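As they're listed, the protein sequences go chains L and S. Counted from 1, the first sequence has number 28 at position 28 by the working numbering; the numbering is strictly sequential. Numbers given in the working numbering equal positions in the second sequence, counted from 1, plus 429.
Hints may be right or wrong, so weigh each one.
Facing chain L, according to a computed beta carbon distance under 7 Å, are these residues of chain S, among others [to be verified]:
{"#": "1", "residue": "Tyr500"}
{"#": "2", "residue": "Gly567"}
{"#": "3", "residue": "Tyr569"}
{"#": "4", "residue": "Ser572"}
{"#": "5", "residue": "Phe731"}
{"#": "6", "residue": "Phe770"}
Calculated lysine-lysine pairs in the BS3-like style (CA-CA distance at most 25 Å, straight line) [what the hints assert, rightly or not]:
{"#": "7", "chain 1": "S", "residue 1": "Lys617", "chain 2": "L", "residue 2": "Lys383"}
{"#": "8", "chain 1": "L", "residue 1": "Lys386", "chain 2": "S", "residue 2": "Lys550"}
{"#": "9", "chain 1": "S", "residue 1": "Lys550", "chain 2": "L", "residue 2": "Lys383"}
Non-contacting residues of chain S with respect to chain L, defined by C-beta distances greater than 10 Å in every case (computed) [unchecked claim]:
{"#": "10", "residue": "Lys457"}
{"#": "11", "residue": "Gly519"}
{"#": "12", "residue": "Val523"}
{"#": "13", "residue": "Gly526"}
{"#": "14", "residue": "Gly541"}
{"#": "15", "residue": "Arg553"}
{"#": "16", "residue": "Ile565"}
{"#": "17", "residue": "Thr589"}
{"#": "18", "residue": "Asn594"}
{"#": "19", "residue": "Asn603"}
{"#": "20", "residue": "Arg604"}
{"#": "21", "residue": "Ile607"}
{"#": "22", "residue": "Leu660"}
{"#": "23", "residue": "Leu685"}
{"#": "24", "residue": "Leu697"}
{"#": "25", "residue": "Arg781"}
Since the hints were derived computationally from the structure, they do not count as laboratory data. Nothing here was measured: the structure is a model prediction, and the numbers come from that model. Ideal placement from N, C-alpha and C gives every residue a C-beta, glycine not left out.
Each chain, letter by letter, is given below.
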Amino acid sequence: MCAKESEIDFSKDEAMAKEKEIMESYIQKVHSARDKGRKICYTFVPGNIIEILHCFDIVPVFPEIMGLQMGMRRIGDQYIELAENEGYSDDICSYVKSSVGMFLNDNMGPYGKKVPEPDFLFLVYSQCFTFIKWWEILRKLFDCPIVTIHLPYRQHGLTTKDELKYGVKQLEEVVIPQLEEISGIKFDMDKLKEILSRSREMEEDLAWVFNTGKNRPSPVDALFQMLYYIGPINTYFRGTQEGVNFYKLVRKVVEERVAAKQGPMTPFGRLSEQRYRLAVEGAITWEHFREYSKIFFDEGGIAVASTYTKVSGFGDSSEFFHDPDRPLESIVRHNATNYGNLSLEDRVNMMEHYINDYHADGYLIGSIKSCKSFSAGQLTMLKELKDRTGMSGAFVEMDMMDPRYFSEANVRTRIDSYLRMIDEKRKEA
Amino acid sequence: MGSHEVIEKCRKVYEDMKFTYVKEWKEKTSGQAIGILPLYFPKEVIHAAGALPVELYGGGDMVDIIKGDAYYQSYICHIPRSIVDLGLSGNLDVLDGMICPLTCDVLRNFSGVWGVLFPDKHTRLFDQPQNFDPDIGGEYLISQLKEEIEVLEQKGSKITTERLNESIELYNENRRLIRNIYDMRSEKPWKIPAYELYLLMRAGNILEVSEHNQFLREYMETVGQLQRRQLDNVRVLIMGAFCEQPPLNLIRAMELAGCYIVDDDFILGNRYLDCDVEISDNPLKALSDAYLKSNVPSSSRFEGYEPKWRKLLNSVEERKTEGVIFACPSFCDPALQDIPFYQMKLDEAGIRYMSFQYAEDTSQFSLIREQIGTFTDSVKLWEN
Numbered sequence: 001m002c003a004k005e006s007e008i009d010f011s012k013d014e015a016m017a018k019e020k021e022i023m024e025s026y027i028q029k030v031h032s033a034r035d036k037g038r039k040i041c042y043t044f045v046p047g048n049i050i051e052i053l054h055c056f057d058i059v060p061v062f063p064e065i066m067g068l069q070m071g072m073r074r075i076g077d078q079y080i081e082l083a084e085n086e087g088y089s090d091d092i093c094s095y096v097k098s099s100v101g102m103f104l105n106d107n108m109g110p111y112g113k114k115v116p117e118p119d120f121l122f123l124v125y126s127q128c129f130t131f132i133k134w135w136e137i138l139r140k141l142f143d144c145p146i147v148t149i150h151l152p153y154r155q156h157g158l159t160t161k162d163e164l165k166y167g168v169k170q171l172e173e174v175v176i177p178q179l180e181e182i183s184g185i186k187f188d189m190d191k192l193k194e195i196l197s198r199s200r201e202m203e204e205d206l207a208w209v210f211n212t213g214k215n216r217p218s219p220v221d222a223l224f225q226m227l228y229y230i231g232p233i234n235t236y237f238r239g240t241q242e243g244v245n246f247y248k249l250v251r252k253v254v255e256e257r258v259a260a261k262q263g264p265m266t267p268f269g270r271l272s273e274q275r276y277r278l279a280v281e282g283a284i285t286w287e288h289f290r291e292y293s294k295i296f297f298d299e300g301g302i303a304v305a306s307t308y309t310k311v312s313g314f315g316d317s318s319e320f321f322h323d324p325d326r327p328l329e330s331i332v333r334h335n336a337t338n339y340g341n342l343s344l345e346d347r348v349n350m351m352e353h354y355i356n357d358y359h360a361d362g363y364l365i366g367s368i369k370s371c372k373s374f375s376a377g378q379l380t381m382l383k384e385l386k387d388r389t390g391m392s393g394a395f396v397e398m399d400m401m402d403p404r405y406f407s408e409a410n411v412r413t414r415i416d417s418y419l420r421m422i423d424e425k426r427k428e429a
Numbered sequence: 430m431g432s433h434e435v436i437e438k439c440r441k442v443y444e445d446m447k448f449t450y451v452k453e454w455k456e457k458t459s460g461q462a463i464g465i466l467p468l469y470f471p472k473e474v475i476h477a478a479g480a481l482p483v484e485l486y487g488g489g490d491m492v493d494i495i496k497g498d499a500y501y502q503s504y505i506c507h508i509p510r511s512i513v514d515l516g517l518s519g520n521l522d523v524l525d526g527m528i529c530p531l532t533c534d535v536l537r538n539f540s541g542v543w544g545v546l547f548p549d550k551h552t553r554l555f556d557q558p559q560n561f562d563p564d565i566g567g568e569y570l571i572s573q574l575k576e577e578i579e580v581l582e583q584k585g586s587k588i589t590t591e592r593l594n595e596s597i598e599l600y601n602e603n604r605r606l607i608r609n610i611y612d613m614r615s616e617k618p619w620k621i622p623a624y625e626l627y628l629l630m631r632a633g634n635i636l637e638v639s640e641h642n643q644f645l646r647e648y649m650e651t652v653g654q655l656q657r658r659q660l661d662n663v664r665v666l667i668m669g670a671f672c673e674q675p676p677l678n679l680i681r682a683m684e685l686a687g688c689y690i691v692d693d694d695f696i697l698g699n700r701y702l703d704c705d706v707e708i709s710d711n712p713l714k715a716l717s718d719a720y721l722k723s724n725v726p727s728s729s730r731f732e733g734y735e736p737k738w739r740k741l742l743n744s745v746e747e748r749k750t751e752g753v754i755f756a757c758p759s760f761c762d763p764a765l766q767d768i769p770f771y772q773m774k775l776d777e778a779g780i781r782y783m784s785f786q787y788a789e790d791t792s793q794f795s796l797i798r799e800q801i802g803t804f805t806d807s808v809k810l811w812e813n
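Could you put together the complete structure from these sequences and hints?
Written out as structure tokens, the structure reads:
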């Protein structure tokens, strides 16, 4: 299984290039962790509690990142096939199958190197029920300890006192004591507060960047480009000085583009002529990232706001920020506001806000075949958004990494038709 | 009533997608009716408010889905679309509220869909704790029950300790009767056909619990009198159908293909607690403790260090099972993700199994029957 690097060699701005550099440094940390006596855990991207892991000098591996990298390198289907041969249905989450396939392939990762096996698994159950199933499978495969926390689904449009109490108690009485035992490091609340201060700084800078999508032209593509920008904060670097420096750089780069009235850099050149401002809901195909983003570029379509880039929180609002003065409570509150953990009503509210406040010409919902957490209910969102905004949306279907469920021609036709509809509406206006 | 009459009454309740029983019960009692989706919510709390818990397991093959498909993509399981269809066609107007346990992502999001479609009705997501410490997960569970009690009391009776304990007694009896009938069936499966037991269980999703208890007692007292011949069938355990249910004719087809179903996880909500709930001066804690201690394997409950395959192997042994059939609804992530490990462990234990997927409105059974027939032949002909 080898990567086709030529297909993912995109044009990048300074911050995107830096992102590649620091994410590569993260991979090095993973591979050198054992030599340095650091423990390795497998955990999730959305809802990760990296600040707590930093307190214990633990290095996380993110199987989703492995999966999406397999997708981008177009080798995901080979891992999926390995899992399906073991009885994992084609109906289930393809990320899960990528993990099983990696295990069956001697844990060879997408970068062509064996990924270190976990010392333990860290199950942060929020926003996706499959997280439980996935980590149950990994626990049996790797036969290692598992540390678990269940953070409640935010059904009330806010985190209630009881939900906060439930989350904080688990941190205090389950997670922290178990991590102390695994790592041999005593928990230090002051250290956590320092880490959270850095997280907060990064979050404020990132939120500022997200908000620039309101400009004309938008200096950022809130989906395809922001997926690069959110890499460090959603993985290892939240709460680190490297992370703080990175988001200062992102902010500087975007500030320069705002001043110059420039659009973002894309793999196909700069997108300054923005004919269609779109709010985008849902995840994307990693396997056909390039083709999917090219459809937008060819039409002058830009995502001025997107929900997928909020899977680990960090929206354009201060509601998502960590608060070092209330460390544990703030971790629970933050985690509950990750996009996938929001109620359907909150998701509709967020999209409505994006359509109105980011002055979108239209909106698109990307539905992922094997991700029920995102997909179930999206057709209701489509209907509800039309009722609220008076605007119809587009609906496209794909999978995050299973190539069997992406047809470029079909997706292009749907998006083209939708944009022509926007043209007609403009003429009528 | 004789067993035949009981089953015919159960069938009527099961097939009635207009929920006439619920309407009549409401007229008679002026109580509320609260819908519950799979898998588990303590019905005692609803019952203690003088309300009727109505467990919804979809429309099966009795509903032609017309409106529901517009709300779900083709790759989402069937049960939410048939319930939406029932709702939009007015059949669920009889319900005063809806409780959606967080059984999976689809049912979690269903709570939002239902809330959008029926904004004037009470809808709750029941986020059952996946932490099983009474002081942590237990407290969280109780806090959710208290919230629900507040809502129920607005239109119903005050939920006192005494009333809750009375309801717990009735449901304890219900669970005991169900455990008994499952044991009876396992002992002499030719006496209790799977489709009859299934209808009895499905009726229990709708009927007021005392009435269901009466049905169960009368069935058990009389079914033994029927002359039913023992066939050379294979004793199988069915697994995978914990939420979206197979159509009744599919269960029949399994039996006709040469199986005696000696255990199953159909309508698991009725058997989610495997012991009595304690009668105490703190009934909410008692309900919570029973949930936390439940040892029933379920795809919607975090297994921790106690893998579900051990429980499966125990059941296989206890029920003297000769084979296992994995019957899972298509697109059901939780059930389908459990299957490979089950199969691996059955392989290691030398126990035969087969699997297939279905939807609640599957109507073509010939292929499945053929496959099961081949499976039972393989067990009978080649096992020894």
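Hint check results:
1. Tyr500: Since the shortest Cβ distance to chain L is 5 Å, the answer is holds.
2. Gly567: 10 Å, violated
3. Tyr569: The hint holds - Tyr569/S has a Cβ within 7 Å of chain L, the shortest such distance being about 4 Å.
4. Ser572: 4 Å, holds
5. Phe731: 5 Å, holds
6. Phe770: Because about 6 Å separates Phe770/S from the closest Cβ in chain L, which is inside the 7 Å limit, the hint holds.
7. Lys617/S with Lys383/L: 53 Å, violated
8. Lys386/L with Lys550/S: 22 Å, holds
9. Lys550/S with Lys383/L: 19 Å, holds
10. Lys457: At roughly 33 Å from the nearest Cβ of chain L, Lys457/S sits farther out than 10 Å, so the non-interface label holds.
11. Gly519: 19 Å, holds
12. Val523: 23 Å, holds
13. Gly526: About 14 Å separates Gly526/S from the closest Cβ of chain L, which puts it past 10 Å; holds.
14. Gly541: Gly541/S not clear of chain L: closest Cβ-Cβ about 2 Å, inside 10 Å.
15. Arg553: 8 Å, violated
16. Ile565: Check fails; 5 Å does not lie beyond 10 Å.
17. Thr589: At about 22 Å from chain L, Thr589/S clears the 10 Å cut-off, so the statement holds.
18. Asn594: The assertion about Asn594/S holds, with a minimum of 24 Å to chain L.
19. Asn603: At roughly 28 Å from the nearest Cβ of chain L, Asn603/S sits farther out than 10 Å, so the non-interface label holds.
20. Arg604: 26 Å, holds
21. Ile607: 27 Å, holds
22. Leu660: 31 Å, holds
23. Leu685: Fine: 26 Å to the nearest Cβ keeps Leu685/S off the interface.
24. Leu697: Its Cβ never comes within 10 Å of chain L, the nearest being 16 Å, so this holds.
25. Arg781: 15 Å, holds
Of the hints listed earlier, those the structure fails to meet are numbers 2, 7, 14, 15, 16, in rising order.
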